[in-house]
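Asker: When you get a sec, could you build the whole thing from the sequences and use the hints?
Going down the list, the sequences are from chains A and B. Numbering-wise, the first sequence is residues 0 to 120 according to numbering that gives the first Met the number 0. Numbering-wise, the second sequence is residues 0 to 229 according to numbering that gives the first Met the number 0.
Misleading hints may appear alongside valid ones.
[Claimed, not checked] Below, a list of computed lysine-lysine pairs in the BS3-like style, where the Cα atoms sit at most 27 Å apart:
#1 B:K30 to A:K72
#2 A:K62 to B:K30
#3 B:K39 to A:K72
#4 A:K48 to B:K30
#5 B:K2 to A:K119
#6 B:K193 to A:K72
#7 B:K147 to A:K108
#8 A:K62 to B:K27
#9 A:K25 to B:K90
Don't read these hints as lab results, they were simulated from the structure. Since we're looking at a predicted model, the values are computed, not measured.
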Amino acid sequence: MVFFAASLLLIFIGLYAALVKRNLIKIIIGLSIMDTGVNMLIISLGFVKGRTAPIISLKELFKKGTWLVDVSKVVDPLPQALVLTAIVIGVAVTAMALSVVIRMYSVKKSIEIDDFKELKW
Amino acid sequence: MRKIVAIIFLTIVGLYMLSLFAQIPFGKPYKGVSEHYVEKGIEENRGSNLVTSIVVNYRGFDTLGEVTVLFLAATGLSFLLFSCKCLREFKRIRSSLVLRTATDTLFPLILVFGAYIFIHGHLTPGGGFQGGSVIASGVMLLFLAYRKFHVNHKALSTLESLAGISFAGIGLLGLLYAKSFLANSVLPLGQWNKLFSAGVIPLIYIAVGFKVGAELSGLIADMISTTKED
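Answerer: Structure follows, in structure tokens:
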């Protein structure tokens, strides 16, 4: 439940920064914080208290005499695998956004969003 | 005014999301496909790290798509910043002796650490994406320390393409020797918890490590090349 509350808090801090801040770099930082919050939410979905990480390097984690792993001793690895994907996509998105900011800076010599008024009506 | 509107908006969205997420069972034992991955993961793949078995084997096709997305982002970034001296009023400054000495000492170690992470991806936490990022951080350290440092873009893109082709090629071998794309029955599975085990999973993760390392290094180089040299 703590993870759930903390990840929601992170998502809203990021959304607040993206809505309120006027500096483009700060907006991108807000998007990154939001990304982290979503990742934490997905990981906390698979967490079960008292279980170990899904890396089977000990004999005790197997059922006796077989190669089958005891499911009641390991947390869910599937959300972690999905988050691994999401982190990489997040890096790609951040890099693209930063390159757009560099382009915008070369036009107006400013990264304050108030200076870009061409699309305002 | 703007802040008040934002806070009101966030409160409404937050209450809605709270009521929605309160119905999700957190911290409960899982069933279904995750149960199969955990229970049969070692028997089917022999890789100690179950997350790696899922990312590379069970959902290997997904990872191929993810690598493609990263490639597209790198291509889009170099398209946006191609021969653009957008930040030409910023000069790269001369770095201090401490930074240069530390870089000379640390850079080989960072490379070895990154390679260690992606070679042992099926045994310990880590893998191709993480190892590649570590290598790219070493390249970034070189950029910080030496203002005249350049990367060879042609060599980087060749390495990247070779790594991508070998990923897809290993997948096609699976189609040839077994009945499905990226099937893990080309190489013998080996023993549990040994370096040479888990079939093609380490090979694919090494390819991914090279690809991600080359891609992120190229991305950093593209961004830094928009400043004025010297």
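Asker: All hints are to be evaluated individually against the structure, with a verdict given for each.
Answerer: Going down the list of hints, with the structure as the test:
no.: 1; hint: B:K30 to A:K72; in the structure: 14 Å, holds
no.: 2; hint: A:K62 to B:K30; in the structure: 18 Å, holds
no.: 3; hint: B:K39 to A:K72; in the structure: 14 Å, holds
no.: 4; hint: A:K48 to B:K30; in the structure: 16 Å, holds
no.: 5; hint: B:K2 to A:K119; in the structure: 20 Å, holds
no.: 6; hint: B:K193 to A:K72; in the structure: 22 Å, holds
no.: 7; hint: B:K147 to A:K108; in the structure: 25 Å, holds
no.: 8; hint: A:K62 to B:K27; in the structure: 21 Å, holds
no.: 9; hint: A:K25 to B:K90; in the structure: 23 Å, holds
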